[in-house]
Amino acid sequence: MTIRPFMGLFLGSAIAALSTGLAWAEDVTVSFLTHWPPETVAKLEAAAATYSKDHAGVKIEVRAVPFGDLLTTLRSQAGQAGGPTITGIYDLWLPELARDKLVNAAPEANSTDVTTNWPKGVATAASVGGTVYGYPNEIDVYALNYNKKLFEEAGITAAPKTWDEFFAAAEKLTNKDKGQQGFGMINSWAAGVVHPFASLLASNGGSLVVDGKPALDSENAKETFDLYEKLIKSGASVATMGTADANTTGPFLDNFVSGKTGMIIMANWWESALKAGMGERFADIATAPIPVGPKGDGPHSISYSWMTVVSEGASDAEKKAAWDFLAWFNGPNSGANGASAMGDLLQSMGILPSRTSDVAAFAERLKTPFLAGYVDVLSQAHPFPTVLGGQEFTEALQGHIEAVQFGKETAAEAAAAAQADAAAILEKAAK
Amino acid sequence: MLAPGIGLIAVFILVPMALTVALAFTKWSSQTPFSTATFIGLDNFAEIFGSSSVGRDFKGALINTALYALLSIALILPLSILFGMLIHQAQLRGANILRTILFATYMVPMIAVALVFSKLYSPSEGPFNQMLGWVGIGPQPWLSSPDTALVSVVLLNVWQQVGYFTILIIAGLTQIPPSLYDAARIDGARGLNLFGFITLPLLRRTLLFSAVIALINAVQVFEPVALITQGGPVGSTNVMTYYIRRVGIERAQGGLGSAMSVTLLLALVVTVTAVFALARREPQR
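From first to last, the protein sequence lines stand for chains A and B.
Everything in the first sequence is counted per the numbering used here, starting at 1 for the first residue and increasing by one.
Everything in the second sequence is counted per the numbering used here, starting at 432 for the first residue and increasing by one.
No lab work stands behind these hints: they were computed from the structure.
By construction, the Cβ of each residue, glycine as well, lies at the ideal position given by its N, Cα and C atoms.
Any given hint could turn out to be false.
[Stated by the list, open to error] Taking lysine to aspartate or glutamate pairs in the DMTMM-like style, the calculated list, with each CA pair at most 20 Å apart, reads:
#1 A:176 with B:474
#2 A:428 with B:613
#3 A:275 with A:217
#4 B:458 with A:100
#5 A:408 with B:488
#6 A:408 with B:474
[As the list claims (entries may be wrong)] Derived DEER-like restraints, expressed as beta-carbon distance ranges:
#7 A:320 with B:437: 19 to 29 Å
#8 B:570 with A:348: 27 to 37 Å
#9 A:369 with B:465: 36 to 46 Å
#10 B:602 with A:177: 47 to 57 Å
#11 B:536 with A:235: 51 to 61 Å
#12 B:466 with A:356: 39 to 49 Å
#13 A:177 with B:606: 55 to 65 Å
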C-alpha cells in the first residue's frame, strides 16, 4: 500500500540526489518555467528562437504550468534532470527559495545590470541580504476597476473616493433580481484574496506587517475586516460569486466580464483577461485609486513584482547560458524600439514593465485609460511584505478573510485569529 | 530468486516509508539534504493536532478526506450494484453500449473531467444550473460555497469512478450460479427477496474489495482539488494529499509533511483493517 505524498516527498529527493552533477558537454538546453498563458508562451518561444539563432548550441525550452502549480513545480524539480533552469517567480517566494539554496546568486555582470538599469526598490525586491537573485520583470499594482455602464445605470457619476462613497456605490450597484453584486471579493486564491484586502488596509493607514511583526489586530485592520463584513451582510458583495480556480479564472472573472459585478479591486495584469472575456465591452471598464478609509491619508495600494531566477541545482553550463539569455531577453536590444523582448511580452498582457528603459519605450502605451490608472497609483503603492514565512502567512490570512466572506467568523474574530496565526507563523519562520 | 524482487520493493517502497516515518520526528526542509534534519521528538505531531493554523487546517483536511471517502463509497457502491444488475440482465437491449459508456468515464483523464466539471458547475452560466432552472429549482452555488463544494467534488468523483466499479460488480454477478435463483424462485422468492437473500450475500466479497479500493482511491483524491478549488472556499475542499503537498513541498516543511503522511497512512491502515475485521465477523452462509 503506497500513498502519493510518500512518493512525492521521497522519490523526488532520491532523484535529486542521483541527478546532481549531470551537465551537457556541448549543447545546452535551458528550460524556462512559467505560468503565462499559451499566447504569451508563444511570444516567449519566438524570442527564444531569435536568441538561439545567434547562440548556436543553446536551446531554450518553455514549460508552462497553472499559477497554482508554479511554486510546487519549482520546489520539487529545480536542479533535477529535466527540471527548470529558469523560473518566473513571485517576489514573496524569494526569501525562502534563497534560504533553501534553490536559486543561484546572479553573477557580478548580471547583478550590476539589475542594480543599474532597474529602479532601486525593484532591484531590492529581487535581492536577499544585498545579493541579487534574478532579473525583475513585471510590476503589479492594485486599483479599483469598475464598470462604467453599470455606474451609469445606477446613477453614480464618479468613482468612489472614500469608504463611505465606496459602500454607497456598492449598495446602489446591487440588484438581486438581476443577480448583480456591487463589489466582487475573490475566494480560493491566496493572493487574490489578500492583496485587495491589503490595498484597502493600506488606504486606511495600515499595513499587514510593521517592523517584521504582523499588525492585523490594529484598528486600521479591524476596520478593514469590518468593511468586508458590512459589504457581505448588506448583500452588496456575494461571496459565492467570487470563486477562482487554479488558473485565476472562474466565476469571479466570469461575473465581472458579464456585467454582474460592479466593482473589483484587481491588478493591472488583469487587462488581458478582461479584454479576452469582454471584447469591445472592455471599453466599459475604468480604473480608479483605492477608496480611502477613515484612518487613511490618501489612496494607497499594494504592489508586488515578479522576476526570473536561475536554479542553483542547474549545471554550470546551464547557469551560464541561462544568465546570458536573461541579460539579452531583459536588455534593450532584444525588443522593438529600444524595449526589451521581455518588455514587449509583458505589454502584450497589459503588465507594467519595470526596466527603466522599458518604461520610457512604452510611455505612450502606458497612457491608455486602463493602464494609466495603474501608473498613477504606482508611486503611492506599498510593496507587499516579503518575509520568511510569507506564503504561509498569506494563506492563513486568506482563510480568515474568506471566513468573514462566508459568515464563518465575525470581523472581530477574524482580526484576532489572523493576528495570532500570523505572529506564530512569522516567529516560527524566523527561527 | 526472490532477491531482485525484494530488493526493488525495499528500494522503492520500504525505504521511502521508513524514511517518512523517521523524518516525521525531525525538523527538516524538503529542499535540503536528509543530513540537515534535526530530531524534535513528537513536536510535529503535537503541531498537526494542536491549535495552530497548521493544526486547524490539518484536522480540517482529515475530516474533509473522511467525508469525501464516506460519501464517495456511499454513492458509488449502490450505483454500481444498480448499473451492474441492469447491464447483467441478458434481456436488456443496449447492455453493451451502456457498459461501454459507463466504463468510458473511467478512462477520461481527470484533468479533462475536472476542467469540464468546473464549467458545468459554473453558478452563472453552467448547464447544471440551467437544467435546474427548467424544473423550477434556483441556481446552486456548487463549488462556490463551503457548504456544497466538497459534495460537488464527490459527485465528480462518483461520475468518473462508477463505471469501473460497475465492471467489478458485473464480474461478481457472473460468479453467482443461475441455479440458485431458479431454486429460490421455485420456493416462491421474487424481486427484492432474490436480491436480498441471494445477490447481495453472494456479492459480499466483491463489495468488500470494491469498498476498500474505493476508500483508497478516495483518500488519494488530489487532481480536482488542485485544478479547480485549490482547497477552498474557506478550506472546505482542503483534503489530505493536497494539504501535504502544500506543507511538505510548497512550504518545504518536510518534517511536518512527513508527520501528516504517517498519520494518513495509519488512519488508512486502521480503517481498512477495521473493514476487513467487520467483514470476517459476518456469519458465513
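Query raised in the report: Do the alpha carbons of residue 458 of chain B and residue 100 of chain A lie within 20 Å of each other, as the hint requires?
Result: Cα-Cα ~14 Å, so holds.
Requested in this report: Would you check the hint for residue 408 of chain A and residue 474 of chain B, treating anything up to 20 Å between C-alpha atoms as holding?
Outcome: 29 Å, violated
Query raised in the report: Holds or violated: are the alpha carbons of residue 408 of chain A and residue 488 of chain B at most 20 Å from each other?
Result: 15 Å, holds
Requested in this report: Just tell me: holds or violated, for the beta carbon distance of residue 466 of chain B and residue 356 of chain A against 39 to 49 Å?
Outcome: 44 Å, holds
Query - Cβ distance range 19 to 29 Å for residue 320 of chain A and residue 437 of chain B, holds or violated - result: 45 Å, violated
Query raised in the report: Are residue 369 of chain A and residue 465 of chain B spaced within 36 to 46 Å by their CB atoms?
Result: With a Cβ separation near 56 Å, residue 369 of chain A and residue 465 of chain B fall outside 36 to 46 Å, so the hint is violated.
Report task. For the pair supplied as a hint, residue 275 of chain A and residue 217 of chain A, confirm whether the alpha-carbon distance does not exceed 20 Å. Result -> 39 Å, violated
Query raised in the report: Between residue 570 of chain B and residue 348 of chain A, is the Cβ distance one that fits in 27 to 37 Å?
Result: 36 Å, holds
Query raised in the report: Within 20 Å, alpha carbon to alpha carbon, are residue 176 of chain A and residue 474 of chain B?
Result: 50 Å, violated
**Report entry** Supplied distance hint 47 to 57 Å, evaluated on CB atoms of residue 602 of chain B and residue 177 of chain A
**Finding:** Check passed, 54 Å falls within 47 to 57 Å.
Requested in this report: Would you mind confirming whether the straight-line C-alpha gap from residue 428 of chain A to residue 613 of chain B stays at or under 20 Å?
Outcome: 70 Å, violated
Query raised in the report: In this structure, is the beta-carbon distance linking residue 536 of chain B and residue 235 of chain A contained in 51 to 61 Å?
Result: Roughly 39 Å apart at Cβ, these two residues miss the hinted range, so it is violated.
The structure is inconsistent with the numbered hints 1, 2, 3, 6, 7, 9 and 11, although it conforms to all the rest.
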